[in-house]
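A.B. asks: Listed in order, the protein sequences are those of chains A and B. Per the UniProt record's numbering, residue 1 is the first one in the first sequence, and the count goes up by one each step. Per the UniProt record's numbering, residue 1 is the first one in the second sequence, and the count goes up by one each step.
Mixed in with the good hints there might be a few duds.
Claimed, not checked - Calculated cross-link-like contacts (lysine-lysine; reagent style BS3-like; alpha-carbon spacing at most 30 Å):
| id | chain 1 | residue 1 | chain 2 | residue 2 |
| --- | --- | --- | --- | --- |
| 1 | B | 178 | B | 140 |
| 2 | A | 45 | B | 45 |
| 3 | A | 52 | B | 52 |
| 4 | A | 173 | B | 133 |
| 5 | A | 162 | A | 173 |
| 6 | B | 133 | A | 178 |
| 7 | B | 173 | B | 140 |
| 8 | B | 83 | B | 162 |
| 9 | B | 118 | B | 173 |
| 10 | B | 83 | B | 133 |
| 11 | A | 133 | B | 118 |
| 12 | B | 178 | B | 83 |
| 13 | B | 133 | A | 133 |
| 14 | B | 178 | A | 83 |
| 15 | A | 133 | A | 118 |
| 16 | B | 162 | B | 173 |
| 17 | A | 140 | A | 83 |
| 18 | A | 133 | B | 83 |
| 19 | B | 45 | A | 52 |
| 20 | A | 173 | B | 118 |
| 21 | B | 45 | A | 83 |
| 22 | A | 118 | B | 173 |
| 23 | B | 162 | A | 118 |
| 24 | A | 45 | A | 118 |
| 25 | A | 178 | B | 178 |
| 26 | A | 133 | B | 173 |
| 27 | A | 140 | A | 162 |
| 28 | A | 178 | B | 83 |
| 29 | B | 118 | B | 133 |
| 30 | A | 45 | B | 52 |
| 31 | A | 133 | B | 178 |
| 32 | A | 83 | A | 162 |
| 33 | B | 133 | A | 118 |
What the hints assert, rightly or not - Interface residues of chain B toward chain A, partial, derived using beta-carbon atoms under 10 Å:
| id | residue |
| --- | --- |
| 34 | 53 |
| 35 | 64 |
| 36 | 87 |
| 37 | 93 |
| 38 | 99 |
| 39 | 100 |
| 40 | 127 |
Just so you know, the hints here were simulated from the structure itself, not pulled from any lab data. Idealized CB from N, CA, C, for every residue including glycine.
As a plain string of letters, each chain reads:
2 protein chains.
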Amino acid sequence: MRRIQVTETTENKDLVQEEKNVHAENEVEVGQETELTIEEQYEAKLAELQAKLDDEENRHLRLRADFDNIRRRSQLDREAAEKYRAQSLLSDLLPVIDNFERALQVEATSEETASIVKGIEMVYRSLIEATEKEGLQIIKAEGEQFDPNVHQAVMQEQDSEKETGVVLRELQKGYMLKDRVLRPTMVSVNE
Amino acid sequence: MRRIQVTETTENKDLVQEEKNVHAENEVEVGQETELTIEEQYEAKLAELQAKLDDEENRHLRLRADFDNIRRRSQLDREAAEKYRAQSLLSDLLPVIDNFERALQVEATSEETASIVKGIEMVYRSLIEATEKEGLQIIKAEGEQFDPNVHQAVMQEQDSEKETGVVLRELQKGYMLKDRVLRPTMVSVNE
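Model the full assembly from the supplied sequences, consistent with the hints where possible.
C.D. replies: Printed below as a string of structure tokens:
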């Protein structure tokens, strides 16, 4: 068996250490100077390479996990973006709808006016239909129990005939976009 | 030097083959039966492990490339979804806008009617502003050269004072959503 002289440098220390880990039972004597057999040297090299391979496999597993994560997250992002895609435009349409409703609250005294209002009401309804199709819904308020998640109390009133905490009046309509509150209803609540 | 007897199985063939690749200059004799030194056996094992490590590293590089690809693509998807997010609602609003404009083309003969129309016109303008904010734009038509990308010719007319192929009349407004045609303008074209 050939033996070679190994001077203990930092690198050799590592080599010896790994070698020891793999073949602890061999009880290699490690001192200032160590003699390693060819087999021991090869075993050390093999152990080193195997450790690299293990590292590489772990690195691959981690990257694979990251990969699956980013794919799943981007899928969820896509679904959320799709679900609430109209949110920005719908938010801008809320004051348009408010003004529309206000403008339609006129008393038509002449036939001409009545005819125009009728035409405009049809436009209003088609606007509401288009927004409903994208998921816009009016929040129920009057007569409901006050719910801070969807109602905003701007005043209190007293009605002894109704339960405490019930919404008495709707002061401004509130809207949901699907399961998301776009604008809470402004309400007055029974004391 | 110890020598061991190796019977040539398929596995050993591979081993020897790899060994040859790495140490071709050693000129190991491969026959029905081959004697390999301990060193040669170790070198073969090392070569095998190194090949596995190389494979693993390549596999990692490929996964890393896929990873970067999917990240880039999901970024582009997100940007496109964001850019055209309002497309569906805007498409549904086009007939609402058409009807709105039609309803506003009334002659107001009384002061009451004039006042209502004025109020409704303000609502109309705020609706248009909300859609413009999301990227809705009217396609230019009258007086423009006919462009099949944005115009749809539904009839031809003759006006000798104007150039051939020029849009004479706009029969229905067309709209772009940013750089995308949402609805081409219906036009009559000069013969």
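A.B. asks: Are the hints correct? Go through all of them and say.
C.D. replies: The hints, checked one at a time:
Straight-line distance between C-alpha atoms of residue 178/B and residue 140/B comes to about 14 Å, which keeps the hinted pair within the 30 Å bound. A C-alpha spacing of about 10 Å is found between residue 45/A and residue 45/B, which places the hinted pair at or below 30 Å, so the restraint holds. For the suggested pair residue 52/A and residue 52/B, the alpha carbons sit about 10 Å apart, so the restraint of at most 30 Å is met. Straight-line distance between C-alpha atoms of residue 173/A and residue 133/B comes to about 23 Å, which keeps the hinted pair within the 30 Å bound.
Between residue 162/A and residue 173/A the CA atoms are separated by roughly 21 Å; this keeps the pair inside 30 Å, and the hint holds. For the proposed pair residue 133/B and residue 178/A, the alpha carbon gap of about 22 Å is at most 30 Å, so the pair holds. The suggested pairing of residue 173/B with residue 140/B holds, with an alpha-carbon distance near 9 Å, which does not exceed 30 Å. Between residue 83/B and residue 162/B the alpha-carbon distance is near 38 Å, which puts this suggested pair outside the 30 Å criterion.
For the suggested pair residue 118/B and residue 173/B, the alpha carbons sit about 22 Å apart, so the restraint of at most 30 Å is met. Among the hinted pairs, residue 83/B with residue 133/B is consistent with the structure: their alpha-carbon atoms are about 12 Å apart, no more than 30 Å. Between residue 133/A and residue 118/B the CA atoms are separated by roughly 29 Å; this keeps the pair inside 30 Å, and the hint holds. Of the pairs offered as hints, the one joining residue 178/B and residue 83/B holds, with about 8 Å between alpha carbons and a cut-off of 30 Å not exceeded.
This hinted pair checks out: residue 133/B and residue 133/A have alpha carbons roughly 20 Å apart, not beyond 30 Å. Under the criterion of a C-alpha separation no larger than 30 Å, the hint pairing residue 178/B with residue 83/A is consistent with the structure, at around 21 Å. With a C-alpha separation of about 23 Å, the suggested pairing of residue 133/A with residue 118/A holds against the 30 Å cut-off. Between residue 162/B and residue 173/B the CA atoms are separated by roughly 21 Å; this keeps the pair inside 30 Å, and the hint holds.
Proximity of residue 140/A to residue 83/A is assessed by CA-CA distance (about 22 Å); at most 30 Å being required, the pair is judged to hold. Between the alpha carbons of residue 133/A and residue 83/B the distance comes to roughly 20 Å, so the proposed pair stays at or under 30 Å and holds. Of the supplied pair hints, the one linking residue 45/B and residue 52/A holds, its CA atoms being roughly 15 Å apart against a limit of 30 Å. Only pairs whose Cα atoms come within 30 Å are accepted, and residue 173/A paired with residue 118/B is accepted, the gap being roughly 24 Å.
Simply put, residue 45/B and residue 83/A have alpha-carbon atoms about 56 Å apart, too far for the 30 Å limit, and the pair is violated. Simply put, residue 118/A and residue 173/B have alpha-carbon atoms about 24 Å apart, close enough for the 30 Å limit, and the pair holds. Between residue 162/B and residue 118/A, the direct Cα distance comes to roughly 41 Å. Violation of the 30 Å bound is thereby established for this hinted pair. Distance restraint check for residue 45/A and residue 118/A: the Cα-Cα separation of roughly 90 Å exceeds the 30 Å cut-off, and the hinted pair is therefore not satisfied.
About 26 Å separates the Cα atoms of residue 178/A and residue 178/B, which keeps this hinted pair within 30 Å; it holds. The suggested pairing of residue 133/A with residue 173/B holds, with an alpha-carbon distance near 23 Å, which does not exceed 30 Å. For the hint pairing residue 140/A with residue 162/A, the CA-to-CA distance comes to about 17 Å; that is within 30 Å, so the pair holds. A C-alpha spacing of about 21 Å is found between residue 178/A and residue 83/B, which places the hinted pair at or below 30 Å, so the restraint holds.
For the suggested pair residue 118/B and residue 133/B, the alpha carbons sit about 23 Å apart, so the restraint of at most 30 Å is met. For the given pair, residue 45/A sits about 15 Å from residue 52/B by alpha-carbon distance, which is consistent with the 30 Å threshold. For a cut-off of 30 Å, the pair hint linking residue 133/A to residue 178/B stands: about 22 Å separates their Cα positions. Among the hinted pairs, residue 83/A with residue 162/A is inconsistent with the structure: their alpha-carbon atoms are about 38 Å apart, more than 30 Å.
Annotation: proposed proximity of residue 133/B to residue 118/A holds, straight-line Cα distance about 29 Å (limit 30 Å). Proximity of residue 53/B to chain A holds as hinted, the smallest CB-CB distance being about 5 Å (cut-off 10 Å). With a cut of 10 Å, the hint placing residue 64/B at the interface with chain A holds, because the nearest CB-to-CB distance is about 7 Å. For residue 87/B, the interface hint holds, since its Cβ comes within 10 Å of a Cβ in chain A; the closest pair sits about 8 Å apart.
Contact between residue 93/B and chain A, as hinted, is supported at the beta carbon level, the nearest pair being about 5 Å apart and thus within 10 Å. A distance limit of 10 Å between C-beta atoms decides the matter here; for residue 99/B the minimum to chain A is near 5 Å, and the interface restraint holds. This hint holds: residue 100/B has a C-beta 5 Å from the nearest C-beta of chain A, less than the 10 Å allowed. For the restraint placing residue 127/B at the interface with chain A, the shortest Cβ-Cβ distance is roughly 5 Å, inside the 10 Å limit, so the hint holds.
Consistency note: the structure conflicts with the earlier hints numbered 8, 21, 23, 24 and 32.
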